[in-house]
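> Taken in sequence, the protein lines are chains V and D. In terms of the working numbering, the first sequence opens at residue 4 and continues consecutively. In terms of the working numbering, the second sequence opens at residue -15 and continues consecutively.
Read the hints as simulated data drawn from the structure, not as lab findings. Don't take every hint at face value.
[What the hints assert, rightly or not] Within a straight-line C-alpha distance of at most 25 Å, the following computed DSS-like cross-link-like pairs (lysine-lysine) qualify:
1. Lys13/V - Lys(-14)/D
2. Lys19/V - Lys58/D
3. Lys19/V - Lys47/D
4. Lys(-14)/D - Lys150/V
5. Lys70/D - Lys13/V
6. Lys19/V - Lys(-14)/D
7. Lys150/V - Lys70/D
8. Lys401/V - Lys(-14)/D
9. Lys(-14)/D - Lys160/V
[What the hints assert, rightly or not] Residues from chain D that keep clear of chain V, each with C-beta distances beyond 10 Å, as calculated:
10. Gly17
11. Gly52
12. Gly103
[As the list claims (entries may be wrong)] The calculated label-pair distances, taken between Cβ atoms and stated as ranges, are:
13. Lys19/V - Lys39/D: 21 to 31 Å
14. Gly69/D - Asn202/V: 37 to 47 Å
15. Asp(-7)/D - Val208/V: 28 to 38 Å
16. Gln89/V - Glu71/D: 16 to 26 Å
17. Lys84/D - Asp491/V: 36 to 46 Å
18. Gly26/D - Val208/V: 20 to 30 Å
19. Lys39/D - Thr93/V: 22 to 32 Å
20. Lys84/D - Pro146/V: 22 to 32 Å
Given the structure is predicted, the values throughout are model-derived calculations rather than measurements. Every residue gets a Cβ at the ideal spot worked out from N, C-alpha and C, and that includes glycine.
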Amino acid sequence: MAEINKCLDKTDFMKKQYRVALQNSGVINPENIDEYIAYDGYQALAKALTELTPQQVVDTIKDSGLRGRGGGGFPTGTKWQFALNQKNDTKFVCCNADEGDPGAFMDRSILEGDPHCLIEAMTIAGYAIGAKQGYVYIRAEYPVAVKRLQIAITQAKKYGFLGKNIFGSKHCFDLEIRLGSGAFVCGEETALMTSIEGNRGEPRVRPPFPAVKGLFGKPTVLNNVETFANIPPILLKGAKWLQGMGTEKSKGTKVFALGGKINNTGLVEIAMGTTLRTVIDEIGGGIPDGKKFKAAQTGGPSGGCIPAQHLDVPIDYDNLIALGSMMGSGGLIVMDEDNCMVDIAKFFLDFTKEESCGKCTPCRVGTTRLLEYLEKITEGKATMKDLDDMEALCEYIKDASLCGLGQTAPNPVLSTLKYFREEYEAHVKDNTCPAGICKSLLSYVVNDKCIGCTLCKRKCPVDAITGAVKEKHFIDMQKCIKCGVCMDICKFKAIDKK
Amino acid sequence: MKTIQELNDIRKQMRAELNLDGKTNSNIRVTVGLATCGIAAGAEPVFKAFQKEVKRLGLTNVKIIQSGCLGMCKHEPMVEVTEAGKEKVTYIALAADSAKRIAEEHLAGGKPVMDFVIGNE
Ligand SMILES: Cc1cc2nc3c(=O)[nH]c(=O)nc-3n(C[C@H](O)[C@H](O)[C@H](O)COP(=O)(O)O)c2cc1C
Ligand code: SF4
Ligand code: SF4
């Protein structure tokens, strides 16, 4: 008998992963600062404050090649340099823990599993740019994360890792939590800062960039949770260590929330440059029920769908953009043959339309119009001209919107149009939904296998089925709500979905 | 306020306690994944059940620890047992009533309960 594996680390799920941001998650007790210290916690802070100048800290981060993990992939060291260069007595460090992408939970897991690494990293950032105050902007829907971070802050203060003259140096730094109420747009950096200031979270024009004029008009560094989680290991292991991992322009690792039609849903951290195929087939364990892979969605509402022919592309910032998607903050949703790509685009547009803050017209009205086109298509009421008009509208919204929400909102439509145009055309020209998802285009029909058992007739929630015992039944399409119950329960396969 | 020396002292002491220092002690560490995902899957009752069982059996060398997410959603609630000189054991999809068997057979008896380990899904 083959020996049964007892250890998570030996599973295919873990073997291809490389854990940096998640290194302590699931290992230490997040509410015990001493356990964090046992795993070299606060050593990087000690090193920065006693051995390195602020410029040396910034240089190390620059040399490491670290890029922002919150979506855009901006070089972190360069951002810190801008803020360091500003002559100002008051500066701020902010952490973006808003995590608004539907289905994403990378940042939450770091906060819940390893909150001290964020505190350590932000305190280092404060030293590097000359800031004495930091804020963590975190959504109120994350009560466990908020609680653990609060406990960690209290412990760090008690040990003097936050507060005055940390490790006997001149550096003083304090950290506060600010709760957001979960508007997607508040994850956009200028909206986030406006929200911390106590105003309605609306984006503003950039420049000036936050590093020059940020929170309360002061130079501010804003980074994502996962970006910060990389800082202590980089300072301890050196810039070269991160340099050695990843692709030419994307160094280190990325955490993904793997979901959708995949056997191992979960949180995975991979070295940049790993292929989608490795993530899906090996770490993710493939697609359930032997179904066929259709596309992988990355970048959430700002991203796009990557089809099967690009499964072997190494995952990094630039490759994903070249494919019409983006890295985003780490959502990775796998779709199989049963997913309708028009329906997917509609789902994301429905989200962005609701979350548009309404400040600028191209986004506010544009996303509404875009959603209307998609609804028309899924109802089989669109023309080929509508498809062209919709595509033109996408470009217009991208060009004319004020913030990233509007500028990227058309991506789910554009990328599905690019790779799955024939599926759009099937909806328009043939009034069919090839994946069998769009309800308006479906009909349920009783075939000749029907023996008249009356089971479906009794189970139909809207009494759409008629027919006498032992006679072939009939479905009234005017009444049918296309719930599929009849097809599921029929023992004789007598109902077809068309 | 801690100095760097004190930081290093805590590190050293904790590394010994956690069996990270190359020497070994007889501590057994049971980590229960108690992030939002684990809690939603019912990890809190599992955590409490382990605490109760360890107390009942008087296992003073066993510590029940809450930790964050291990990443594998479908297997929650997950529990890991670490012990010096032995391979880590990962238990998956546990219910509160499985704590008794694991405490008796594994934590007290030294034999992992193969019915609940990850390779046996
Ligand atoms: C609509 C919108 C939502 C965003 N949501 C988030 C978010 O939830 N978390 C995040 O870190 N960044 C988010 N961003 C990106 C931030 O504006 C910003 O670029 C990022 O936090 C910078 O940190 P980084 O350089 O470490 O990635 C969002 C951007 C836009 C336009
Ligand atoms: S692009 Fe959309 S979310 Fe951004 S400012 Fe304009 S209306 Fe608001
Ligand atoms: S699909 Fe649902 S509503 Fe339509 S006939 Fe069957 S059971 Fe009735």
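> The structure should be examined with respect to each hint, and the outcome stated for every one.
Right, here's what the structure says about each hint:
no.	hint	verdict
1	Lys13/V - Lys(-14)/D	violated, 39 Å
2	Lys19/V - Lys58/D	holds, 18 Å
3	Lys19/V - Lys47/D	violated, 30 Å
4	Lys(-14)/D - Lys150/V	holds, 24 Å
5	Lys70/D - Lys13/V	holds, 14 Å
6	Lys19/V - Lys(-14)/D	violated, 39 Å
7	Lys150/V - Lys70/D	violated, 34 Å
8	Lys401/V - Lys(-14)/D	violated, 52 Å
9	Lys(-14)/D - Lys160/V	holds, 10 Å
10	Gly17	violated, 6 Å
11	Gly52	violated, 2 Å
12	Gly103	violated, 3 Å
13	Lys19/V - Lys39/D: 21 to 31 Å	violated, 40 Å
14	Gly69/D - Asn202/V: 37 to 47 Å	violated, 58 Å
15	Asp(-7)/D - Val208/V: 28 to 38 Å	violated, 52 Å
16	Gln89/V - Glu71/D: 16 to 26 Å	violated, 52 Å
17	Lys84/D - Asp491/V: 36 to 46 Å	holds, 40 Å
18	Gly26/D - Val208/V: 20 to 30 Å	violated, 48 Å
19	Lys39/D - Thr93/V: 22 to 32 Å	violated, 52 Å
20	Lys84/D - Pro146/V: 22 to 32 Å	holds, 31 Å
Taken one by one, the earlier hints fail for this structure at numbers 1, 3, 6, 7, 8, 10, 11, 12, 13, 14, 15, 16, 18, 19, listed in ascending order.
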